[in-house]
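Participant: Construct all of the structure, not just a fragment, from the sequences and the given hints.
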Amino acid sequence: MVDASLLTNPVYLLQNLVDGLARGAVYAVFALGFTLIFGVLDIVNLAHASTFMWCAFAGWVVMSLLNMPLIVGLLASMLFGGLVAVVLEFVAFRPLRQEGAERLSPMISSIGVSIIMVSLAEAAFSAQTKKFPSGVLDPKPLYIGGTDGVRVSWGQLLIVVVSIVLMVALGYLIRRTRTGMAIRAVAYSQRAARLLGINVNRVVVITFFVGGVLAGAAGILIGLLTNNISPSMGSDIELRGLAVVILGGLGNIEGAVVGGLLLGLVETFTIAYFDQGSDYKDAIAFIILFLILLIRPNGLFGRQEANRA
Amino acid sequence: MLEVANLSVNYGSIEAVRDISFQVPEGKIVTLIGANGAGKTTTLSSISGLLRPGRGKIIFQGQDITRWPTDQIVRAGLAQVAEGRAILSPLTVAENLELGAFVRRDRAAIRQDIDRIYGQFPRLAERRSQLAGSLSGGEQQMLAIGRALMAQPKMLLLDEPSMGLAPIIINQVFEIIRQINEQGTTVLLVEQNANKALKIADYAYVMESGRVTFQGTAEEVRSSTHVVEAFLGKG
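These protein sequence lines are chains V and H, in that order. The numbering of the first sequence is the numbering used here, which starts it at 4 and goes up by one. The numbering of the second sequence is the numbering used here, which starts it at 5 and goes up by one.
Some hints here could point you the wrong way.
Said to hold, decoys possible - Among the chain V residues that face chain H by a calculated CB cut under 10 Å, a handful are:
(1) K134
(2) G138
(3) A185
(4) S192
(5) R197
(6) L198
(7) R205
Just so you know, the hints here were simulated from the structure itself, not pulled from any lab data. Fair warning: this is a prediction, and the values are worked out from it, not measured in the lab. The beta-carbon is built from N, C-alpha and C at its ideal position, and this holds for glycine as well.
Facilitator: Okay, structure coming up:
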């Protein structure tokens, strides 16, 4: 079932490495927002994927209907994502964050919001898929090592650049700023954070905003990868995002990056090296996830509660 | 400086604190002593705004802070060193201290204060870039106290600072509390270790089952037969 001639082709290998990393970078950006909110608040925000989907549409509106360039579409989508996530915090999460509230109720609440958001998108944009306008990127790819060499599209290049910028920026925010310290304090203990004079609700809003910004970026980046924007696009990435988050260790930022890249590579290589690989790329990806969790039940970087956010 | 009047706090149907009143005059050390479950931590949590009291008033420097959010209370100058040392284990020692100054904006003065704390606690200086969770129990308590001082509080609330520490470390911690008070910070000290608390306190309130059952100067409390029987043991 594996095509032997492909195994010995180094260009093919490198090509799939490039494709896999670009795909994985999108997963990583998506998973970062997911894991950030979990790490800080212990909330599995299942509306993250719907936020992501709405952001892709927001980018589509800005670029296709308003004819704005890609950079404007990206920034608008990120801002939109941040605002949507903040609205979610006020509507779906804050009212449930009372002392003694059932642990799973925020997750149920986020499922409800997610269903509503998908329905609204279907009503607004119809279930048909949309595409970003072809003019936003130069369709001619770059070649490394001549036209027989490795092909890198401008979309892939942009995905990798944007995701590296976002990862570095997030790392800087969390590790080096006063706000980041406050976010980590809230993640560790809301009670201790309050006693330091930290306004926990404000930190939560900031955290949701950042998570939404990441969902917004991922929405544009996946558009560049697949150019396939539809109300159901969230459900395609949702399980993968959750898997990446668990693979990396719940709430762990480095883990989400590594997990995302790993999943992108596994999927791409399964498609590339197995006959009809696209039919069971999900099965293989999740078998690998399962095997990793057997060996490391807390994920690759999970160290119980100690290394959160 | 702090006045608690007719405070009652409920946990569901349980009345954890029942109609207690006490005062902490400026510049003094006042201690709230009592056994586990007497309502001491509940009282402190209410003062810091972590719990909403059912009835009663909490007045700090003439202002009614009963319904204030915690961050506003900290900004007003009331810092708490919580029970169990409440340090942020996954953050470094230096980050813990910086977060202690979260309510302040004067960067240069914050740096100076951190250096001053390092001067006072050389062990923390040596371990400044280590994770706070890797410190020993005594060091964590020093960090928790140092961190609370970073907020430049007018008054410090301490919840069981001796808990889980070796006797020699307990002596050091109480000596530090005495010094902090000498430098002008008012102290409300909650303790089970009544012997130690009474040695540094000016005035004491005894709590039992959510009520204040006895009060007086440290001297008076120490010589009261009731308190001796209940907490201090014989000899």
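Participant: With reference to the structure, classify each hint as holding or not holding.
Facilitator: Results for each hint:
Taken as an interface hint, V/K134 does not check out: its beta carbon lies about 44 Å from the nearest beta carbon of chain H, beyond 10 Å. At a threshold of 10 Å, the smallest CB-CB gap from V/G138 to chain H is about 47 Å, leaving the interface hint violated. Evaluation of the V/A185 hint against chain H yields a held restraint, the C-beta minimum of about 7 Å falling below 10 Å. Restraint check, V/S192 versus chain H: the minimum CB separation of about 7 Å is within 10 Å; hint holds.
For V/R197, the suggested interface contact is upheld, since its CB lies about 4 Å from the closest CB of chain H, less than 10 Å. The restraint placing V/L198 at the interface with chain H holds, with a minimum CB-CB distance near 5 Å, inside the 10 Å limit. Proximity of V/R205 to chain H holds as hinted, the smallest CB-CB distance being about 9 Å (cut-off 10 Å).
Of the numbered hints listed earlier, those contradicted by the structure are 1, 2.
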